[in-house]
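These protein sequence lines are chains A and B, in that order. Mapping of the first sequence onto our numbering: position 285 corresponds to residue 285, and the numbering continues sequentially without gaps. Here our numbering runs 426 ahead of the position in the second sequence, where the first position is 1.
These are calculated hints, taken from the structure and not from any lab test. These figures come from a predicted structure and were not determined experimentally. Each hint should be verified, as a subset may be incorrect.
[Unchecked claim] Each computed SDA-like pair below joins lysine to any residue, with the alpha-carbon atoms no more than 20 angstroms apart:
1. Lys75(A) with Ser63(A)
2. Lys624(B) with Ser749(B)
3. Lys301(A) with Ser749(B)
4. Lys275(A) with Ser775(B)
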Amino acid sequence: MTDTATSTDATSSIVSPRRRWWDRYSSTSPITLTILALILGIVIGAIIIMVTSAPVLNAWRHSFHHVGSFPSTLKITFDNVAAAYRAMITGSIVDPTLLFHSISTGHGWDVTMTPISETLTYATPLIIASIGVGIAFQTGIFNIGANGQAISGGIAGTAVGSMIHVPMIIHLPLTLLAGIAGGAVCGLVPGLLKAYTGAHEVIVTLMFNYVVNAFLIYVLTSTALQLPGQANDISRNFDASAILDPIFGTKSGLRVSYGIFVAAAVVVFAIWFLKRSSLGFDFRVTGANPNAARASGINPKFIIIALFVVSGGLAGLAGVVQAASTTHYIDGGFLVGSAGIGFTAITIALLGRLQPMGIVWGSLLFAALGVGGRSMQAATGIPLDLATIIQSIVVLFVASPVLIKEIFHLRKGAQSFQMATKGWSS
Amino acid sequence: MRVELKGITKRFGSFTANDQINLVVEPGEIHCLLGENGAGKSTLMNVLFGLLRAEEGEILIDGKPVNFANSGEAVRSGIGMVHQHFMLVPVFTAAENVVLGFEPTKSFNRLDHKTANAQIHELSQKFGLDVDPDAVVENLSVGLQQRVEILKALSHDAELLILDEPTAVLTPQEIEALMEIMRSLAKDGKSILFITHKLKEVRAVADVITVIRQGRVIDSVRPTETEGQLASLMVGREVNLTVQKEATQLGDTVLELRDVVVRDDRGLAVVNGVSLDVRAGEIVALAGVQGNGQTELAEAISGLRSVESGSITLRGQNITNLSPREILDAGLGHVPEDRQRDGLVLSMSVADNLVLNTPRRAPFARRGTRNLSAVASNATELVQRFDIRTSSVESTASSLSGGNQQKVIVARELSRPLTCFMASQPTRGLDVGSIEYVHRQIVNQRNEGLGVFIISSELDEVVALGDRIAVMFAGKITGIVDPSASREDIGLLMAGATMVSHD
Numbered sequence: 001m002t003d004t005a006t007s008t009d010a011t012s013s014i015v016s017p018r019r020r021w022w023d024r025y026s027s028t029s030p031i032t033l034t035i036l037a038l039i040l041g042i043v044i045g046a047i048i049i050m051v052t053s054a055p056v057l058n059a060w061r062h063s064f065h066h067v068g069s070f071p072s073t074l075k076i077t078f079d080n081v082a083a084a085y086r087a088m089i090t091g092s093i094v095d096p097t098l099l100f101h102s103i104s105t106g107h108g109w110d111v112t113m114t115p116i117s118e119t120l121t122y123a124t125p126l127i128i129a130s131i132g133v134g135i136a137f138q139t140g141i142f143n144i145g146a147n148g149q150a151i152s153g154g155i156a157g158t159a160v161g162s163m164i165h166v167p168m169i170i171h172l173p174l175t176l177l178a179g180i181a182g183g184a185v186c187g188l189v190p191g192l193l194k195a196y197t198g199a200h201e202v203i204v205t206l207m208f209n210y211v212v213n214a215f216l217i218y219v220l221t222s223t224a225l226q227l228p229g230q231a232n233d234i235s236r237n238f239d240a241s242a243i244l245d246p247i248f249g250t251k252s253g254l255r256v257s258y259g260i261f262v263a264a265a266v267v268v269f270a271i272w273f274l275k276r277s278s279l280g281f282d283f284r285v286t287g288a289n290p291n292a293a294r295a296s297g298i299n300p301k302f303i304i305i306a307l308f309v310v311s312g313g314l315a316g317l318a319g320v321v322q323a324a325s326t327t328h329y330i331d332g333g334f335l336v337g338s339a340g341i342g343f344t345a346i347t348i349a350l351l352g353r354l355q356p357m358g359i360v361w362g363s364l365l366f367a368a369l370g371v372g373g374r375s376m377q378a379a380t381g382i383p384l385d386l387a388t389i390i391q392s393i394v395v396l397f398v399a400s401p402v403l404i405k406e407i408f409h410l411r412k413g414a415q416s417f418q419m420a421t422k423g424w425s426s
Numbered sequence: 427m428r429v430e431l432k433g434i435t436k437r438f439g440s441f442t443a444n445d446q447i448n449l450v451v452e453p454g455e456i457h458c459l460l461g462e463n464g465a466g467k468s469t470l471m472n473v474l475f476g477l478l479r480a481e482e483g484e485i486l487i488d489g490k491p492v493n494f495a496n497s498g499e500a501v502r503s504g505i506g507m508v509h510q511h512f513m514l515v516p517v518f519t520a521a522e523n524v525v526l527g528f529e530p531t532k533s534f535n536r537l538d539h540k541t542a543n544a545q546i547h548e549l550s551q552k553f554g555l556d557v558d559p560d561a562v563v564e565n566l567s568v569g570l571q572q573r574v575e576i577l578k579a580l581s582h583d584a585e586l587l588i589l590d591e592p593t594a595v596l597t598p599q600e601i602e603a604l605m606e607i608m609r610s611l612a613k614d615g616k617s618i619l620f621i622t623h624k625l626k627e628v629r630a631v632a633d634v635i636t637v638i639r640q641g642r643v644i645d646s647v648r649p650t651e652t653e654g655q656l657a658s659l660m661v662g663r664e665v666n667l668t669v670q671k672e673a674t675q676l677g678d679t680v681l682e683l684r685d686v687v688v689r690d691d692r693g694l695a696v697v698n699g700v701s702l703d704v705r706a707g708e709i710v711a712l713a714g715v716q717g718n719g720q721t722e723l724a725e726a727i728s729g730l731r732s733v734e735s736g737s738i739t740l741r742g743q744n745i746t747n748l749s750p751r752e753i754l755d756a757g758l759g760h761v762p763e764d765r766q767r768d769g770l771v772l773s774m775s776v777a778d779n780l781v782l783n784t785p786r787r788a789p790f791a792r793r794g795t796r797n798l799s800a801v802a803s804n805a806t807e808l809v810q811r812f813d814i815r816t817s818s819v820e821s822t823a824s825s826l827s828g829g830n831q832q833k834v835i836v837a838r839e840l841s842r843p844l845t846c847f848m849a850s851q852p853t854r855g856l857d858v859g860s861i862e863y864v865h866r867q868i869v870n871q872r873n874e875g876l877g878v879f880i881i882s883s884e885l886d887e888v889v890a891l892g893d894r895i896a897v898m899f900a901g902k903i904t905g906i907v908d909p910s911a912s913r914e915d916i917g918l919l920m921a922g923a924t925m926v927s928h929d
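Taking the hints into account, I'd like the entire structure generated from these sequences.
Below, the structure written as structure tokens:
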């Protein structure tokens with residue numbers, strides 16, 4: 001092989017180690033692409049604000065009749081967009097003016113830190129559930145029943161948390177374990193069906209979400225779990241000994257709870273599990289090549305069942321953490337509709353490329369957009385749906401890296417951008 | 427049509443795949459492009475066919491320079507290509523596939539089946555390529571699918587036909603038929619560019635042989651050269667094509683098959699009462715045309731397919747219908763037929779693939795936690811011992827060449843304690859250098875007293891390696907012969923004749 005070539009065309013099949021390190025941050029790396037997708041989401045969000053916000057539209061209508069008002073129209077447009085995004089950022093991370101005030105006076109920390117506390121509170125169950133979904137996807141199993149499994153975990157956790165009365169040192173772990181068990185049992189059924197009858201997990205887990213929704217209403221109106229003296233579908237309250245308390249005490253008003261440590265433990269567990277554990281290795285081999293897995297002595301039935309127990313267990317833990325750290329009870333609306341963290345978890349798992357740390361960042365982003373969107377709605381009247389639109393656009397672009405490369409002219413780099421999941425294949 | 431390539435240079439980054447290549451194909455000539463995997467043959471053909479653009483050089487057709495922007499222009503200039511992996515629509519009929527893109531239509535754009543079938547029939551007649559126009563492609567054998575591909579190229583009035591590794595997927599009979607087709611096409615004045623790394627075929631069919639190594643034309647020779655000379659031109663050093671085997675002491679029976687019956691996915695008994703013994707210190711080679719039950723037999727032995735009746739014993743231990751895990755642990759080493767499907771996880775590292783079926787064994791894991799440094803040092807040692815060419819043990823298996831992928835599997839299997847070593851099609855798709863290497867490893871294991879069971883549809887390999895040759899036809903062993911038996915005898919057994927007693 002002659003080395004006369006000086007071309008910088010980067011389709012080379014030979015990549016030196018130094019090059020590879022650079023590639024992680026270069027134009028075609030997943031990290032860069034995700035950030036570019038976020039930028040695109042923000043830009044498109046800005047366009048939507050311009051064409052839907054009443055003050056902006058009025059200003060433009062005005063400038064058609066009064067030629068000289070064009071500069072002020074531009075200013076109004078910019079101000080509106082800026083105000084919306086400012087509200088989103090100050091409402092989800094921190095408001096700089098409040099921060100300076102707290103630093104200079106030493107007071108008002110509770111108010112200053114509320115946005116970030118809320119973001120972390122929302123992110124906590126998302127991280128746990130998304131990691132559960134991510135592990136399933138890495139194994140090539142499309143577990144879309146995480147929401148049902150989370151509800152199931154919430155039910156089991158609420159039962160243990162509200163109906164057993166023991167000291168906290170036993171009660172809290174027992175409640176969390178009950179949540180894991182609840183989710184695992186709910187995942188076990190589709191797992192057994194797939195392993196022994198070949199039933200497709202997408203159909204079974206999807207349908208199981210409806211079964212669990214109905215079961216939730218059933219137990220909430222049964223005498224065992226229903227709040228005594230109530231006719232509504234609402235559960236008993238958790239004992240104080242089963243609650244994940246706010247880290248800074250109940251008086252501070254900051255809701256961020258010890259649940260965040262549970263999430264951190266799950267992240268550490270997931271990194272160890274996928275990278276270092278023997279079972280995690282079997283999971284990855286099975287996900288990447290089921291035929292080779294079987295030929296290497298891995299029992300596919302066992303893997304499917306074990307996977308659903310792990311994935312469902314994590315979803316169940318997310319459910320019980322949600323109940324034990326925020327509401328301290330569950331009702332008929334628990335994780336239903338837009339609160340369905342199990343469905344958001346599917347999106348976040350893909351956004352985070354199924355990697356634990358990627359999922360953490362994805363969860364924080366989604367939580368921040370949700371929390372910030374609410375402040376934006378309160379401050380500017382722009383509907384919360386804008387946050388959902390930005391979330392969707394980010395996912396859309398992350399799922400179509402070719403589009404991103406085309407838009408930003410990222411032609412170089414032969415590193416293939418692997419799809420995170422094979423989708424519907426069993 | 428006379429095609430000339432002049433000074434073609436194609437680079438991928440700093441890697442030069444084709445370096446100043448000159449090549450002339452005369453009308454009616456079978457021109458063979460011989461080279462190892464990765465030598466740059468396919469790249470050159472993709473340049474000629476308009477799929478890649480060369481940085482330097484030009485292509486002349488009948489003396490006039492041409493510049494193809496895409497393969498469509500190449501086709502219009504009379505160049506046809508049959509790819510290694512067929513580009514056919516499996517659910518369409520042969521006729522529909524041939525006319526695809528240039529369909530004769532009736533009113534309202536409906537496909538005119540009658541005209542299409544007539545066209546195919548006419549082409550078939552003209553070139554002696556028999557294909558049923560109404561047969562659905564997915565039901566055709568690989569050899570017939572290839573005929574459909576050739577017909578498709580000819581239907582566009584191809585004057586130069588590029589055949590990219592056409593024999594890799596064919597049985598010996600189909601290869602013979604293909605060569606007949608090539609000869610008759612050449613007689614009609616078509617030129618053929620035949621890409622391969624198989625020496626026997628080259629010598630049988632080529633008029634001119636151009637040897638390519640590391641992107642450069644090494645030499646242009648006549649088929650009268652010996653296989654040994656061609657091999658050393660191709661590899662760049664002396665290659666030992668015959669396998670040296672010393673006499674060894676035969677030991678106990680390590681693998682014993684008794685009246686084994688195995689059904690395939692359709693429920694047919696494709697292995698129908700096979701009995702065979704493999705003793706320590708010998709190589710038993712199972713010959714036979716692909717599809718006579720060898721694949722299913724190997725799957726049954728390794729536990730991937732259930733045994734209907736009969737028994738399989740591994741050094742006294744009954745392993746019939748045990749799980750793959752139990753059979754692995756009993757000491758069966760297995761190189762699967764399809765290495766990328768069953769033998770490797772391509773997206774995982776070389777190091778992980780080297781412990782793929784022993785991830786829980788000491789020292790690779792303890793109490794459920796993997797010891798990654800032990801995995802890495804195992805990989806470093808095996809990469810060196812088995813000469814696996816990889817930039818790092820952390821590179822993915824997909825980045826390795828086919829030969830090195832096979833070495834990974836062989837290294838993995840031979841690095842754990844074995845009772846019997848079974849290899850299915852151990853050198854399929856490998857280049858000469860890798861074949862030589864894998865063969866030597868197999869013989870070394872036999873010399874060290876391991877029982878070896880080889881399943882191969884390559885007659886050369888069976889004869890070179892086997893101490894005893896069993897021939898399988900239609901699910902039964904039709905005979906067990908000595909490697910000194912004539913090829914005709916073995917060929918007859920492969921075709922289903924039962925053995926005439928040699929005693």
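Comparing the hints with the structure gives:
1. Taking the CA atoms of Lys75(A) and Ser63(A), the gap is near 12 angstroms; set against the 20 angstroms cutoff, the hint holds.
2. Straight-line distance between C-alpha atoms of Lys624(B) and Ser749(B) comes to about 38 angstroms, which puts the hinted pair past the 20 angstroms bound.
3. With a C-alpha separation of about 12 angstroms, the suggested pair Lys301(A) and Ser749(B) falls inside the 20 angstroms cut-off, and the hint holds.
4. Taking the CA atoms of Lys275(A) and Ser775(B), the gap is about 13 angstroms. The hint holds against a cut of 20 angstroms.
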